[in-house]
Amino acid sequence: AQKVTQAQTEISVVEKEDVTLDCVYETRDTTYYLFWYKQPPSGELVFLIRRNSFDEQNEISGRYSWNFQKSTSSFNFTITASQVVDSAVYFCALRLPSGTYKYIFGTGTRLKVLA
Amino acid sequence: DSGVTQTPKHLITATGQRVTLRCSPRSGDLSVYWYQQSLDQGLQFLIQYYNGEERAKGNILERFSAQQFPDLHSELNLSSLELGDSALYFCASSAPGLAGGETQYFGPGTRLLVL
Numbered sequence: 023a024q025k026v027t028q029a030q031t032e033i034s035v036v037e038k039e040d041v042t043l044d045c046v047y048e049t050r051d052t053t054y055y056l057f058w059y060k061q062p063p064s065g066e067l068v069f070l071i072r073r074n075s076f077d078e079q080n081e082i083s084g085r086y087s088w089n090f091q092k093s094t095s096s097f098n099f100t101i102t103a104s105q106v107v108d109s110a111v112y113f114c115a116l117r118l119p120s121g122t123y124k125y126i127f128g129t130g131t132r133l134k135v136l137a
Numbered sequence: 623d624s625g626v627t628q629t630p631k632h633l634i635t636a637t638g639q640r641v642t643l644r645c646s647p648r649s650g651d652l653s654v655y656w657y658q659q660s661l662d663q664g665l666q667f668l669i670q671y672y673n674g675e676e677r678a679k680g681n682i683l684e685r686f687s688a689q690q691f692p693d694l695h696s697e698l699n700l701s702s703l704e705l706g707d708s709a710l711y712f713c714a715s716s717a718p719g720l721a722g723g724e725t726q727y728f729g730p731g732t733r734l735l736v737l
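If you're matching them up, the sequences are chains W and Y in order.
Letter by letter, the first sequence follows residues 23 to 137 of our numbering.
Letter by letter, the second sequence follows residues 623 to 737 of our numbering.
Be aware that one or more of the hints could be misleading.
As the list claims (entries may be wrong) - Rough simulated footprint, nothing fancy, chain W against chain Y, three-plus residues with beta-carbon under 8 Å:
#1 660-666
#2 725-736
What the hints assert, rightly or not - For lysine to aspartate or glutamate, the following DMTMM-like pairs were computed, each having C-alpha atoms within a straight-line distance of at most 25 Å:
#3 W:K60 with Y:E684
#4 W:K124 with Y:E676
#5 W:K134 with W:E81
#6 W:K124 with Y:E684
#7 W:K60 with W:D44
Unchecked claim - Label-pair ranges, simulated between beta-carbon atoms:
#8 W:T31 with Y:F691: 18 to 24 Å
#9 W:K134 with Y:P692: 28 to 34 Å
#10 W:V107 with Y:P692: 21 to 27 Å
#11 W:T102 with Y:T642: 22 to 28 Å
#12 W:F76 with Y:P630: 27 to 33 Å
#13 Y:P692 with W:E39: 24 to 30 Å
#14 W:S64 with Y:H695: 35 to 41 Å
#15 W:K38 with Y:N673: 27 to 33 Å
#16 Y:I634 with W:R132: 39 to 45 Å
#17 W:D51 with Y:G625: 38 to 44 Å
#18 W:E48 with Y:T629: 26 to 32 Å
#19 W:Q91 with Y:R644: 39 to 45 Å
Derived from the structure by calculation, the hints contain no laboratory data.
None of these values were measured; they are calculated from a predicted model.
For each residue, glycine too, the CB sits at the ideal point set by N, CA and C.
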């Protein structure tokens with residue numbers, strides 16, 4: 023069975039602190055995609071990153087970075103020097119391109135960045 | 623602004639009724655996806671259409687149906703509504719390519735309240 027686990031329900035940090043959001047996934051498929059989405063208080067969903075299962079390179083985009091490790095089935099997301107505008111719910115998702123193209127979301131991590 | 627539009631923004635209806643949610647994808651995008659976000663179930667993938675044809679099916683109830691029209695807009699029909707159908711319904715669109723790994727652009731959502 024496929025599953026995405028975001029064990030951290032809510033995290034609070036003070037502005038400028040670094041914070042890591044954990045994502046652990048389960049699948050027996052060898053080809054899959056992993057995603058992170060941001061849902062700010064306004065409610066819309068914003069795509070942040072996509073990773074395919076064959077690309078384990080870590081990625082950095084400004085203050086955001088992602089650590090993909092197949093050995094531990096994890097795809098963690100780190101925000102460096104957090105800002106109040108980073109306050110949102112962050113979702114990790116797994117997409118299986120074969121068969122039924124299943125799309126499985128984690129339960130989300132609510133990040134509160136305090137000024 | 624993602625370029626994906628959804629109407630209506632809010633919808634209040636009664637149990638047993640039927641509603642139609644509408645989504646217009648970004649110009650040029652051939653795929654449309656529907657998602658449901660509720661407090662109980664979290665974020666769930668419902669269904670995907672690609673150029674008018676059903677591509678993938680997720681946790682969509684039999685009371686729900688969708689279609690994508692020749693002009694690529696999509697409608698999600700929800701019938702025999704129950705209290706538990708109250709949720710935020712998102713539509714997303716993506717351009718062709720990277721089967722399973724496309725970047726999705728989300729609309730602002732339709733908030734449905736069933737009384």
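Here is what the structure says about each hint:
1. Three residues within the 8 Å Cβ limit are the bar, and the region 660-666 of chain Y against chain W gives 3, so the coverage statement holds.
2. Only residues whose C-beta sits within less than 8 Å of a C-beta in chain W count toward coverage, and the region 725-736 of chain Y has 7 of them, enough to reach three; the restraint holds.
3. Taking the CA atoms of K60 of chain W and E684 of chain Y, the gap is near 30 Å; set against the 25 Å cutoff, the hint is violated.
4. Restraint check for K124 of chain W and E676 of chain Y: satisfied, since their Cα atoms lie roughly 13 Å apart, inside the 25 Å limit.
5. About 23 Å separates the Cα atoms of K134 of chain W and E81 of chain W, which keeps this hinted pair within 25 Å; it holds.
6. For a cut-off of 25 Å, the pair hint linking K124 of chain W to E684 of chain Y stands: about 18 Å separates their Cα positions.
7. With a C-alpha separation of about 14 Å, the suggested pair K60 of chain W and D44 of chain W falls inside the 25 Å cut-off, and the hint holds.
8. Range check, T31 of chain W to F691 of chain Y: about 40 Å between beta-carbon atoms, so the 18 to 24 Å window is missed.
9. For the pair K134 of chain W and P692 of chain Y, the supplied restraint of 28 to 34 Å is violated, since their beta-carbon distance comes to about 45 Å.
10. A hinted range of 21 to 27 Å for the beta carbons of V107 of chain W and P692 of chain Y is inconsistent with their spacing of about 40 Å.
11. Checked against the hint of 22 to 28 Å, the C-beta distance between T102 of chain W and T642 of chain Y comes to roughly 44 Å, which is inconsistent with it.
12. Evaluation of the 27 to 33 Å hint for F76 of chain W and P630 of chain Y yields a failure: the beta carbon distance comes to about 42 Å.
13. A beta carbon spacing of about 51 Å between P692 of chain Y and E39 of chain W contradicts the range 24 to 30 Å that was offered as a hint.
14. Take S64 of chain W and H695 of chain Y: their Cβ atoms lie about 24 Å apart, and the range 35 to 41 Å is violated.
15. Taking the beta carbon of each, K38 of chain W and N673 of chain Y are about 47 Å apart, not inside 27 to 33 Å as hinted.
16. Between I634 of chain Y and R132 of chain W the beta carbons are some 27 Å apart, a value that contradicts the proposed interval 39 to 45 Å.
17. A beta carbon spacing of about 31 Å between D51 of chain W and G625 of chain Y contradicts the range 38 to 44 Å that was offered as a hint.
18. Taking the beta carbon of each, E48 of chain W and T629 of chain Y are about 37 Å apart, not inside 26 to 32 Å as hinted.
19. Distance hint for Q91 of chain W and R644 of chain Y: a CB-CB separation of about 41 Å, consistent with the stated range 39 to 45 Å.
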